Structures are given as C-alpha cells and as structure tokens.
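Trainee: Listed below, chain by chain, are the residues.
There are 2 protein chains.
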Amino acid sequence: MRVLHTADWHIGKKLYEYDLYAEQVAAFEQIRQIARQKKVDAVVIAGDLYDRSVPSEEAVSVLKQMLVKLNIEDKLPLLAISGNHDSARRLGVGDEWFEHNQYFLKTELGIDAKGRRTLEPVELGNCQFFLVPYFNPKASRTYFEDDNISTMAQAMAKVVAECESYFKPGLAHILVGHCFVAGSSHEDSEVSSTVGGLDEVPVSLFKNFDYVALGHLHNHQALLADNARYAGSPVKFSLSELTNQKGVYIYDTETNDREFVPLKDPTPMVSLTGSLDELCQPAKYNEVADQAFVFVNLTDRQVIANLVEKLRACYPRLVHIERQNGLEGITQTPSVELLKEANSPLKMTAAFFEQTQGLTLSAAQQDYLAQLLAEIEEEQ
Amino acid sequence: MRVLHTADWHIGKKLYEYDLYAEQVAAFEQIRQIARQKKVDAVVIAGDLYDRSVPSEEAVSVLKQMLVKLNIEDKLPLLAISGNHDSARRLGVGDEWFEHNQYFLKTELGIDAKGRRTLEPVELGNCQFFLVPYFNPKASRTYFEDDNISTMAQAMAKVVAECESYFKPGLAHILVGHCFVAGSSHEDSEVSSTVGGLDEVPVSLFKNFDYVALGHLHNHQALLADNARYAGSPVKFSLSELTNQKGVYIYDTETNDREFVPLKDPTPMVSLTGSLDELCQPAKYNEVADQAFVFVNLTDRQVIANLVEKLRACYPRLVHIERQNGLEGITQTPSVELLKEANSPLKMTAAFFEQTQGLTLSAAQQDYLAQLLAEIEEEQ
Numbered sequence: 001m002r003v004l005h006t007a008d009w010h011i012g013k014k015l016y017e018y019d020l021y022a023e024q025v026a027a028f029e030q031i032r033q034i035a036r037q038k039k040v041d042a043v044v045i046a047g048d049l050y051d052r053s054v055p056s057e058e059a060v061s062v063l064k065q066m067l068v069k070l071n072i073e074d075k076l077p078l079l080a081i082s083g084n085h086d087s088a089r090r091l092g093v094g095d096e097w098f099e100h101n102q103y104f105l106k107t108e109l110g111i112d113a114k115g116r117r118t119l120e121p122v123e124l125g126n127c128q129f130f131l132v133p134y135f136n137p138k139a140s141r142t143y144f145e146d147d148n149i150s151t152m153a154q155a156m157a158k159v160v161a162e163c164e165s166y167f168k169p170g171l172a173h174i175l176v177g178h179c180f181v182a183g184s185s186h187e188d189s190e191v192s193s194t195v196g197g198l199d200e201v202p203v204s205l206f207k208n209f210d211y212v213a214l215g216h217l218h219n220h221q222a223l224l225a226d227n228a229r230y231a232g233s234p235v236k237f238s239l240s241e242l243t244n245q246k247g248v249y250i251y252d253t254e255t256n257d258r259e260f261v262p263l264k265d266p267t268p269m270v271s272l273t274g275s276l277d278e279l280c281q282p283a284k285y286n287e288v289a290d291q292a293f294v295f296v297n298l299t300d301r302q303v304i305a306n307l308v309e310k311l312r313a314c315y316p317r318l319v320h321i322e323r324q325n326g327l328e329g330i331t332q333t334p335s336v337e338l339l340k341e342a343n344s345p346l347k348m349t350a351a352f353f354e355q356t357q358g359l360t361l362s363a364a365q366q367d368y369l370a371q372l373l374a375e376i377e378e379e380q
Numbered sequence: 001m002r003v004l005h006t007a008d009w010h011i012g013k014k015l016y017e018y019d020l021y022a023e024q025v026a027a028f029e030q031i032r033q034i035a036r037q038k039k040v041d042a043v044v045i046a047g048d049l050y051d052r053s054v055p056s057e058e059a060v061s062v063l064k065q066m067l068v069k070l071n072i073e074d075k076l077p078l079l080a081i082s083g084n085h086d087s088a089r090r091l092g093v094g095d096e097w098f099e100h101n102q103y104f105l106k107t108e109l110g111i112d113a114k115g116r117r118t119l120e121p122v123e124l125g126n127c128q129f130f131l132v133p134y135f136n137p138k139a140s141r142t143y144f145e146d147d148n149i150s151t152m153a154q155a156m157a158k159v160v161a162e163c164e165s166y167f168k169p170g171l172a173h174i175l176v177g178h179c180f181v182a183g184s185s186h187e188d189s190e191v192s193s194t195v196g197g198l199d200e201v202p203v204s205l206f207k208n209f210d211y212v213a214l215g216h217l218h219n220h221q222a223l224l225a226d227n228a229r230y231a232g233s234p235v236k237f238s239l240s241e242l243t244n245q246k247g248v249y250i251y252d253t254e255t256n257d258r259e260f261v262p263l264k265d266p267t268p269m270v271s272l273t274g275s276l277d278e279l280c281q282p283a284k285y286n287e288v289a290d291q292a293f294v295f296v297n298l299t300d301r302q303v304i305a306n307l308v309e310k311l312r313a314c315y316p317r318l319v320h321i322e323r324q325n326g327l328e329g330i331t332q333t334p335s336v337e338l339l340k341e342a343n344s345p346l347k348m349t350a351a352f353f354e355q356t357q358g359l360t361l362s363a364a365q366q367d368y369l370a371q372l373l374a375e376i377e378e379e380q
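Taken in order, these protein sequences are the chains called A and B. Note that the first sequence covers residues 1 to 380 in this note's numbering. Note that the second sequence covers residues 1 to 380 in this note's numbering.
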C-alpha cells in the first residue's frame, strides 16, 4: 500500500495582507497529480486543514472542493485529523457520514455514534491507521478517565499504549498525529505557544509504528527520525520558509520506503537586499516575476517619502520591508535615562519619538498629542 | 408515503439572555418520537437549522447530534435546505457525502460535483421532492442566466417552472422552500427585513404542487393555503408566540391528508400582569413553575430599587419587564417644542432625560455629561 502524507494546508491563511487561496489551490492540484502518478492508495492529512477555528466562508468552500475532488471524484481514501488551528467541532461536521466513502476524519478524542473509541484503528488494505487528532491534556484525562495526565508526553504515552493494544500482527501500523516532537526545528509561521515545553513528545514513544505521519511543523525536514516525519506545509507561509522545499511524503508499506516528492512553488517568494535606487533599476526588478511575493531588506538609512508606493511600482506584490541598517538617527533601544529626564507625558513621548524615529514632533503632532493626553487625563 | 415537515429550528438562538438548547433538544426528542409513532418515511427541515451564519461550537455540536440521531440512528431519510439565518457554505459542509445515507441537503442554487442542478428533484418512494434553499435574486440571476430577475416573485416563478419541467406524472410533487408567502402573518422573532415587500411570493405560484413545506415564519398558522404550510418553529422564540401551539405537520402522499401534530412546551412561557406586591405573593408565584420563562407586565408606575432582583427571587427565569402604565412623571414621547427651547446640547439632553425618565440630572450626571460633550466637540 502506498500512502501520500501531507499536512498543514492552513486553508484561509494570509501572507501579510495577501490571500493565498491561488497558491493553496495550485499546490493542491500538484498533490492530486502526484497521487495519480504515484498511484497511491490513500491520502493522509495530518491536521491544520484550516488556518482558523472559525474559517471564512471562502476557506470553507475552498477546502470542501479539495476534499470532494480527492475523495469523491478521484475516489481516494482519505485519512484526516484536526490540528491545533482547526476547531474540532467545526471541522468535524458531517464526519459520521464520510466513512462510507472511505473518508475517515477524526477531530476529538471520544466515542462516536457507533460506540467506537477514537483510537480504534481504520483498517485499509494491509494497514492499520491510528488517527490521533490534536488534543490537550484535559481532553485526554476525560478520554482515559485518568486525572493524573498533565503533560502531552504522558498523554501521548497513553495514546500509544491504547493504539498498540489494537495492533494486529502482519499489518503495517501507521500513526497520524499533530503534535510537537522533541528535538524538531521550527519556523515563524507555526504557533509558538504550542511548540516546545510541556507540549513536547519524545519520538521514542512511537518506536513500534512503521510510520508516523505528523503535522504541525511546516518544514518537512523538521524531524528526521527513522520512522516519523512532518510532511510540512504545501505552501510557504513566512520568510523563514524561503528556502524550504515544499512537498509530500509517500510511504510504501511493502518496502517500508519513504520518498519525498517536491512541489513546485506556485508563486515564487523572493528576498531582496539593496538600496531603493538599486532595487528600482529595471535590470534588477525585471528579474523578478510580477506575481512573486517580495520581502525587501532595505540598506538605505534615511527616511524616504512614499517608500511602499515606490517599491510597489517595481514589485507589485511587495510583502514586507525591513531596514537592514536601521533608520538614520534612530536608537533601537531608547535611553531610559533620557526618557526619565522628560518631566511630563508630553515631553516623554516627544523624546521617545525622537529617539526611535529620528524625527522631532511637528507643531501639528505636538498639538494632537497634547489634546490626546488631556483627554486621557480627563477620563482618569 | 408519510412526510414529517418541520422547520426553523434556529439551533443556538437565545431568549434574551437564556440559552434554549435544553428546550430545543426536548422539542427535537418529541419530533423524533412523533416520527416513530406516526411511522413517517421521511423528515423535511425547511431551513433555518441554525440561528446564525456563524454558529457557536455548541450549536454545531447540538445540531450534529440531532441529525445523526434522525438519519444515522433512526435511519430516516432527511430532506433539508438552508434558510436566511444559515450560512449556505457553512451549513453545506459535507453535503456531497450525505446522500448515500438518504440525507439530502441543498444550500445553494448551482450545479453540484456530479453535474446536477439544485432544482433537479430527489425521488423517494412515490414522491419527487424539490429542495429550494433560501436564495436572493442575485443568486437566481446566475443560476438561471437571466439578468432580468429583480424580485423574489420573479425568481420563484422561474424556480417553479424549472421544477415543473422535471415533474413525472403519477408521483407526488413536494416543494420545500424558505421564503415569505404573500398574505402570511408574522411574528417578532422572524427577521423583519426578509418579510414582506420585494421578498413576497404569491402562493398561487405553487398551485401545481401537492404539498409545499415551508420554513421562515414561526407560527404554523401563518399561512392556511390548501396545499402550502409553514411548519413553524418547534420552540417559542418570543413573547408574541406565547399562545402559539408548536408542532409539526405530517403529510400523507396517498391520502393527500395533512395533520398537525402538537408538541408539548418543553418549558412553559408565562406572561404575568400585576404590581410588584401582587406578583410577589406566594399564592401567585407558586402557581408558576420555577423553570418557566416569565415576562412581566408591571402595573406599578414608581421607580423601584432592585426591581429585577426582587422579581427574580419569585421568578428565577424572569425574561423581561414591561411597565404597562409607564413610569411616573414620564412622557413616552418627549415634546419637540420643549427640546427646541433648550439652547445648548447640555440643556437639551437634560430636558430629554427629564421628559423620558421623569428625573432631573444629578450634579454628578451633569458634570459627566458636560465633560462628554466637551470631548465630542474637541473631536469634531
């Protein structure tokens, strides 16, 4: 059996102000092609299908079309779980009806309408799939009726023990999970509160599984264990993923081989360094596709009027500007001593502005500030 | 074939600050019982399953359990449409997978993944069901490729014409819709903007259907046409529904009989009139169940300190208080002439307060008001 492993679609996610639907749909179509070309027998989506617990109507519509295409049109068995970005309840709508078409979706630890525990495996071909939705220790305390669980490592140990109790010898055992495995590297675009610390799970827990299809981290090389991988997101969600090769894993239960199949970047992401003059030379900007997402590291130090407009004339999808060398006359950390010398809120604000922006307040700005401070004082 | 017709569940709706989940679940369980006792062959839900386009996780969970019980546990075919309170996209999640289990859900005019138009009928037994989700004229212009549609009457005429083009003789023809039929009476709890005016549809349009199962209006007697009924909501959502008998219709395609089967009020709703003294007599409040929703028409005219607390001590689920005779010294409509005489915003506000509340502004209130007005002036 050949299993395509993907994760972290984050449908509805934005790159700063830019929607990524076009990129997400283009990446999805490549995944669909790969599934066809590689003749996979099932597709695993390891959580974070949506970017938000309350997805927009557009996100709902886009994800639905993807799932309809894979499962109904292409007749591919689907095995999916919710991630920390999904609302288990909202993603779980309809799940009781999906199974007849070999779409297995698990979003909560519990007991379903047919009396089955979440961790009971889905058997497909020569394989047992254990679908472990994202959960918090509290949910696991209820599921296991054990009030002593306080960390994810403890909870996951109980999860693994229950899964192993269902193991049938002679079948391949695949766990699908959405969690942070200790020792993995991570990116800006993942939610940091759920990365590290109490949420860490040691990879050794999973030693008895043939393959562990993970979601949560967006780089497919975040964890390079023998039997466990993060698929990574199909689309780049932050500058820190600039050089990430996106793709999917294909795991073959017969050979125990795991192949990484790359995806082409639907939209290039570019990071440019230079002065405004340099970046606005035709020779420079003609090298960058109009639709590319552009991050700029500006070397100029002076204040430049209409900077965004000027850069956007050359790079229509300018995403973000960093001032590599800071701004002229600007101290990154304002001097606490100087601020203390200012003996009124107005003077202190003016000093802060001068130190951080390198500019003195104009008369109009001073008036506005004085008025604002007066109003605040009145309210208090 | 016997069809149970219900509508306007509005899962997640509140009665002032009170959740109605317990009432909605209790009414649902009665509907389930009726379906069993009357041996119905299908259940129609004519829109407004949710109360809001973005239902809470609890509402999602409650509705899901109801649909699982009816369709998966009781194996009853379900025919449902979205109403104006539902988000078509959000309610429609999973619909492509529901049909295999005879759960037919239509939420948008369009063409589905299998290339079928929304208005193509669902055939069950000796019956053709035409599921017409709530839509606006714009959606119908796209569906019919006709830019001349501007009113609901025009749109519904096209809907009916398309439905009739699919009529098979010898079968019963049932239309399920969510709209305002001209001449119907309506209640406070329905959204008034979608009632009346441009949204009206004449009942004569539907003359060729054996039965028209409507949703939108919450009183089952809102329309008493030969072949068309509103099921009404299963639960009372406002004081104006105090004397409404809630229930469901059962339509028998063999006999063309239509029976109204009443539901017991899960929680009584009571409207009481009297003075605080009268209402707080044990003989009075002992007659009212603790869990009853209580609307009070207070006959007292004086200002009463801690009125809500006093009433709630006798009626724990006090919903709302009206002052039947107004408040002492209070003019319901302030005199425009008197207000005009006040030559400053402060004086005008004080005059308005005096006329409507029967009280003069205290010194602290005058100070606060003066400060507020000064801030407003500054902002302008």
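There could be a bad hint or two in this list.
When chains are identical, the list treats them as one kind, so a pair holds in a single copy or across two.
To be verified - Only pairs whose alpha carbons sit at most 20 Å apart, straight line, appear in this in silico SDA-like list of lysine to any residue: (1) Lys38 - Asn325; (2) Lys69 - Arg117; (3) Lys39 - Asn148; (4) Lys75 - Ala113; (5) Lys39 - Asp74; (6) Lys64 - His100; (7) Lys64 - Arg116; (8) Lys138 - Glu341; (9) Lys114 - Asp74; (10) Lys75 - His100; (11) Lys114 - Asn101; (12) Lys75 - Ile250; (13) Lys207 - Glu164; (14) Lys168 - Pro121; (15) Lys69 - Ala113; (16) Lys310 - Leu338.
Keep in mind that the hints were calculated from the coordinates and are not lab data. Quick caveat, the model's predicted, so the values are computed rather than measured.
Trainee: All the hints need checking, so say for each whether the structure fits it.
Mentor: Each hint tested on the structure:
no.	hint	verdict
1	Lys38 - Asn325	neither (48 Å within a copy, 79 Å between copies)
2	Lys69 - Arg117	between (29 Å within a copy, 18 Å between copies)
3	Lys39 - Asn148	neither (45 Å within a copy, 49 Å between copies)
4	Lys75 - Ala113	between (25 Å within a copy, 13 Å between copies)
5	Lys39 - Asp74	within (11 Å within a copy, 39 Å between copies)
6	Lys64 - His100	both (17 Å within a copy, 17 Å between copies)
7	Lys64 - Arg116	between (26 Å within a copy, 17 Å between copies)
8	Lys138 - Glu341	neither (50 Å within a copy, 64 Å between copies)
9	Lys114 - Asp74	between (28 Å within a copy, 13 Å between copies)
10	Lys75 - His100	both (12 Å within a copy, 15 Å between copies)
11	Lys114 - Asn101	both (17 Å within a copy, 15 Å between copies)
12	Lys75 - Ile250	within (18 Å within a copy, 39 Å between copies)
13	Lys207 - Glu164	within (11 Å within a copy, 63 Å between copies)
14	Lys168 - Pro121	within (10 Å within a copy, 46 Å between copies)
15	Lys69 - Ala113	between (27 Å within a copy, 8 Å between copies)
16	Lys310 - Leu338	neither (35 Å within a copy, 59 Å between copies)
Violated hints, listed in ascending order, are 1, 3, 8, 16; each of the other numbered hints is respected by the structure.
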